[in-house]
Structures are given as C-alpha cells and as structure tokens.
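Heads up: the protein sequence lines correspond to chains A and B, in order.
Under the numbering used here, the first residue of the first sequence carries the number 1, and numbering increases by one thereafter.
Under the numbering used here, the first residue of the second sequence carries the number 1, and numbering increases by one thereafter.
A hint or two may mislead.
Derived Cβ-Cβ restraints for the label pairs, each shown as a range [stated by the list, open to error]:
(1) A:148 / B:91: 14 to 24 Å
(2) A:1 / B:23: 20 to 30 Å
(3) A:187 / B:89: 40 to 50 Å
(4) A:187 / B:140: 33 to 43 Å
(5) B:89 / A:62: 30 to 40 Å
(6) A:51 / B:206: 20 to 30 Å
(7) A:123 / B:113: 19 to 29 Å
(8) B:14 / A:176: 39 to 49 Å
(9) B:17 / A:44: 19 to 29 Å
(10) B:91 / A:176: 32 to 42 Å
(11) B:65 / A:135: 27 to 37 Å
(12) A:58 / B:113: 34 to 44 Å
Computed from the model, here is a short list of chain B residues facing chain A with C-beta under 10 Å [as the list claims (entries may be wrong)]:
(13) 37
(14) 69
(15) 72
(16) 140
Derived lysine-lysine pairs resembling BS3-like cross-links, with alpha carbons at most 27 Å apart [to be verified]:
(17) A:90 / A:48
(18) A:89 / A:48
(19) A:4 / B:18
(20) A:4 / B:184
(21) A:172 / B:184
(22) B:18 / B:184
(23) A:4 / A:172
(24) B:57 / B:18
(25) A:118 / A:89
(26) A:4 / A:48
(27) A:118 / A:90
(28) B:18 / A:172
In short, the hints are calculated from the structure, not lab data.
Don't be surprised by glycine CBs; every beta carbon is placed ideally from N, CA and C.
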Amino acid sequence: MFSKVVRQTHMYLGLLLTPWVLLYALSTLAMTHRDAFHPNFYSTPWEKVSEQVFAAQFSADATPDFMGQEILQTLHLEGNFRATLSKDKKTLSVVRNDPVSPQRITYTPADGHLVIEKQNFAVQPFLERMHRRRGFGASFVADNAWAVSVDIVVVAMIFWVLSGLWMWWELKITRAPGLAVALGGIGLFIVLILTS
Amino acid sequence: MTGTEPIVTHQRRIGFDKINRRTHLYSGPFFIPWFLFYALSSAVFNHPAWFGSGPVKMTPLFDRTYTAEPAITQGDPRAFVQRLLKANSLDGQFIVHWDDDQRLVVNQVRFLYNTAITFDPATRRVSASRGWANLRILLGRVHTRGGYDTNGSLQIFWAVIVDVIQVTMMIWIASGLYMWWNLKRFRGWGMVALGSGFALFVAFLFGL
C-alpha cells in the first residue's frame, strides 16, 4: 500500500509540475548558453504603444512606489512592478514586470505626460524572467501564489529524490548498479565542491 | 512471416520500455546531490529572510611584501595579478579592481570559500584573508554557477554537468510521460494532473 502511494504520488506530482520542470530546464540552458541565444536581451528595445496625459498630480513627498502603483492602476496594468525616479526627479520610470511582454511607463510629473512602451515577447528573456521570479512579500496575490508554486516544486524535487530511492531499492535487480551510479554521482559532486 | 511481425514489434516495445525505465531510474541516483542542492537553494532564494544574510567572517591568511617584479600603479592589472597570485600559491580565476586608494582589490570565489587579496603598489604589501561559506552561501554558489564563460577545466566540467542535468530533466519528463501513458488505468487522472498543471501555469503567465 505504501509503495503504491509513493509510486502514484511520484507520478502525479511529475505530471502536475511538468511545466515547471520544463521551464527550469529550458531556462537554465538558455542562461548557460546565453551567447547562443540573445546575449543582450536586457537591452531589448522598447516599442512605443501610446502616449497620454495623467490627469492627477502627486504630492512632493510621494514615493516612486506609490506613484507607480497609482499610475498602473489608472492604466489597468496592476501587477508586479519596479518604479525608479530619475536623479533630477524629472521623470519616473515604471516597469511592469509582465513575464510575457513587460511594459514601461515613463511619467513626467511637470506636465503629467505618460509614455507607454512594451517589449515584444521573446523566448529567452521570457524563460529567464520566469526562472528568476520568486519570493513572498509582494502585495499581489499572483506573485505570492507563484512563490507558493516554487515552494511546491522544491518539496516535489525532494520527494522525487526520496521516492525515487525507495522505488529503486524495491527493485532488487537494480540495487547494485544503482548504488554504483549513486556513489559515482556523490563522489564526483564532492570532488567538484572541494576543488573548484 | 506475417505471424512473426507482431511478436517482433512486441519484443521491440518491451526492449524500449526497459531502456526507458532504466534510463529514468539510473539517471536519478547519479544526479541526486545536484538535484537536492538545486531544491534547497531554491528554498533559500524563495525565503531569503529565513536563512539570514550576514557577512562572512574573514580570517587573515598572510601579509607580506611582493618584490618579484616592479609594482604597477594603473591600467589593466590582470596579467600582473595573475603572477602575483601564482607567486602566493593562489592560482585560479579572480575578479580585480582598483579601489579609491589606488590599491588592487582581488577576489577569488570557490564553492567552499572566497579569498580577498589586497595589493598596495606604494608599499608592495600583499595581504590575503579567507572566508568560509556557510550553508546559505554554498547553496547559492552551487545554484548559480554554470555557463562556459569561465576558466579552468573543472569549471568547464561543472558547466557540462549543469547542461547534462537540464537534458536529463527533459528526459525524465519524456520517459515519465511514456511510462504513464502505458499504464492505461492511470491515463484519466494523469490527464487531469497534466492538464491542471499546464492550465495553472498558463494562468500564471497571464496573471503575473
């Protein structure tokens, strides 16, 4: 009975989390071979979508985060963002961290001018953004839910290791070669950790 | 002849099934350490506050004079630093910059420790100190090391292993899907699990 539960949990967890495993595998390859894909994706050009005037005005002590949140709410672009005020305080840059197509809103407080730009979808930047996305504490439910999914993947990875060991041990015919393989991996890992 | 064809096909399928199962099984034990480190380090990244963030305590290694060659005072210091490190038994890749006091500040990062070296051209004194990684730092280093933009055969070998692990993860997916599909009684709920996973993932893409 225990064995059955272990096997089925191993399988169903694998099926459920297939997109995450695929994402982390592909994104790691994209990062370790960045030159082969799109080496300068951080400088991917922004494409202007529209311009408009922001009707409201902010008080002098308004923080970049507060301004960013209000502007995104007005534009119906709520979600994870990063707001940066220029050194001369003449422009506010709000980057909406959309994993598929990020948007940037440049706000000029003097005249309320808003420029809305976006980055078109590209596979490698998308993979890297999703790979790096993590952590709790954001004020958006979707961000925290994603962090929960990352935790589930972590627990699943540990479970796959333990359940895999259990299933391997149950197959007597594979014990000896499996042990040799496991010891080989552990030995190589220790050597690399100690020497590099 | 016609009667033997299905048997041959059946035997081939059994042969492939076995290879598929054994590949799925044996690739697992070999990469257990990496897989565990990636899992635990992801937990560190996802919950940074749980693991603290204090600086590493550095222990002095030596403080001596380097007189083997004239000291440089400006420009690209990499060749000079390489010789300086070799003369002090600190071979290997490094990062270097000139600080505000016109001293060379070098850092060497290994999995288990990092070595900070300072060379003052005015006095020709070279000093080194070493800080041992705690678990949080070690996990972070294992997680983030990868790629071929590095020196040293061991570093390149590590990058190859990282690549092999990613390919192995995709093999686990493919071989796992194949095994699941052959277990006909699990197809229904398996489809629910697989479909739910993809639906949830797509929902995240549009919701994040």
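Checklist entry - Failing hints, ascending? => result 1, 3, 4, 5, 7, 8, 9, 11, 12, 14, 15, 16, 24 and 26
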